[in-house]
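Residues in the sequence shown are numbered consecutively from 18, following this note's numbering.
Simulated from the structure, these hints should not be mistaken for laboratory data. One thing to keep in mind: the hints can contain errors.
Unchecked claim - Lysine-lysine pairs mimicking BS3-like chemistry, simulated, CA-CA at most 30 Å apart:
no.	residue 1	residue 2
1	Lys-266	Lys-246
2	Lys-213	Lys-231
3	Lys-201	Lys-256
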Amino acid sequence: MLLVSVLACCALLRTVALLIPNIALVQLFEQYALVLPALIVGLFVISSWAYQHSHQRHQAQRTLLQWQSQQQERLEHEVKYKTRALKEALEQAEQRSLEQKELLAYVSHDLRAPVSAIIAYLQLMHRSPSKIDIDKLAAVERSATYQLALIDELVDYAKDELQPPLALNEQLVDLSSLLDELTKYAHALAHRQRNKFSLQIQSMLPVQIYLDGKRLQQAVLNLLSNAAKFTFDGSIDLKLQGKYVGRDKWHLRFEVSDSGSGMEPEVLARIQKSLTASRTHAKRGLGLLIAQRIIEKMTGHLSIDSHLGRGTNAVFFLMVKQVSDSPLFQALMPPPTSDKHSEHKTMQKLEALQEEQKYELEQLARRGNWSDLHAWIDAMDNGTDYQGLVGAVRHALDELDFEQIGNIARTAPLR
18 MLLVSVLACC ALLRTVALLI PNIALVQLFE QYALVLPALI VGLFVISSWA
68 YQHSHQRHQA QRTLLQWQSQ QQERLEHEVK YKTRALKEAL EQAEQRSLEQ
118 KELLAYVSHD LRAPVSAIIA YLQLMHRSPS KIDIDKLAAV ERSATYQLAL
168 IDELVDYAKD ELQPPLALNE QLVDLSSLLD ELTKYAHALA HRQRNKFSLQ
218 IQSMLPVQIY LDGKRLQQAV LNLLSNAAKF TFDGSIDLKL QGKYVGRDKW
268 HLRFEVSDSG SGMEPEVLAR IQKSLTASRT HAKRGLGLLI AQRIIEKMTG
318 HLSIDSHLGR GTNAVFFLMV KQVSDSPLFQ ALMPPPTSDK HSEHKTMQKL
368 EALQEEQKYE LEQLARRGNW SDLHAWIDAM DNGTDYQGLV GAVRHALDEL
418 DFEQIGNIAR TAPLR
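With the sequences and hints as input, model every part of the structure.
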């Protein structure tokens, strides 16, 4: 097509040259007749090359822009990914730090309960080191062992070797033995502020069950410790009942109640809110918070009810599995019987005291300080003048029965 166009142009120019009566022009045309088509072809080739080059340049620009866009998207994606990874790492670091703080709070709080028991029993043995009471020494050993386990847990966690806080280790547990140990701890906790403790098993229970005995003990001791902290000269009760629901499963109900100061509605609401928050601490209710976390981990539920001046009730439920054909029990041991006749005879042998002495002894019993009462016994034990009185006070102090010491002070004749 291009060649046809060039030949047509040449024929047209030749015709024009023949029509024009100009010899010089005709000769010029004949001289350059072949140059003109070559020039036209050259111009066309140059134009084609320029067009192709421009097209390639635009194509390269589009490719470059597309590559830049892809790179920008890739970089933006990487930035988002790195930002998300950094955010997750920061959140994990914060979570880790928070868990460490929580564990420190848990352990530091729980260390107090066994220390109270250790101090109470060591004070009892301090008076007569030559006559070591095996039962009291065993209680001290249990408390020290429990405290050592808590300290080991803290050390292991600091070394990053511990499982997540409050991990459960379910195993075969003798429920009667566990309750027996809890009772001994509870008596020591209660006596610190002259409280009476009682365990009430309100139904038949399986002896052998599967659960984390250490965690259950930790939860109940925190509830008992919290009750003992806000109860003075009162009572603390642990009530337990169970219902068999089939397939070796039992529904257990635990209740810790006290006759303490109770809580105002605002304080109770604040503590209940802290129990439902994921990571919130309440200074007054840290023991409740620890117990609640453990109970929740054991798929249970803790509820708190308190009235100002009427005490507090903490109730939680657990579903446990018994060992097949496990024997049942209800009473850990026969209830203690008091020998009223012997007690009456002891009261009759009390020597007379002056009014100031009676008042001093009653106040010491009310405060419940073992060291002060021991000093009072040493001061009064001068041979035969107060032999019956000193013996009665010493016996009551050995049992940490401060209420009985108060009765002795009021019953002793007035000199």
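Verification of the supplied hints:
Our distance criterion of 30 Å between C-alpha atoms is broken by Lys-266 and Lys-246, whose separation comes to about 35 Å. Of the supplied pair hints, the one linking Lys-213 and Lys-231 holds, its CA atoms being roughly 24 Å apart against a limit of 30 Å. Distance hint between Lys-201 and Lys-256 is fulfilled; the C-alpha atoms sit about 15 Å from each other, no more than 30 Å.
When the structure is compared with the earlier hints, a violation turns up for hint 1 alone.
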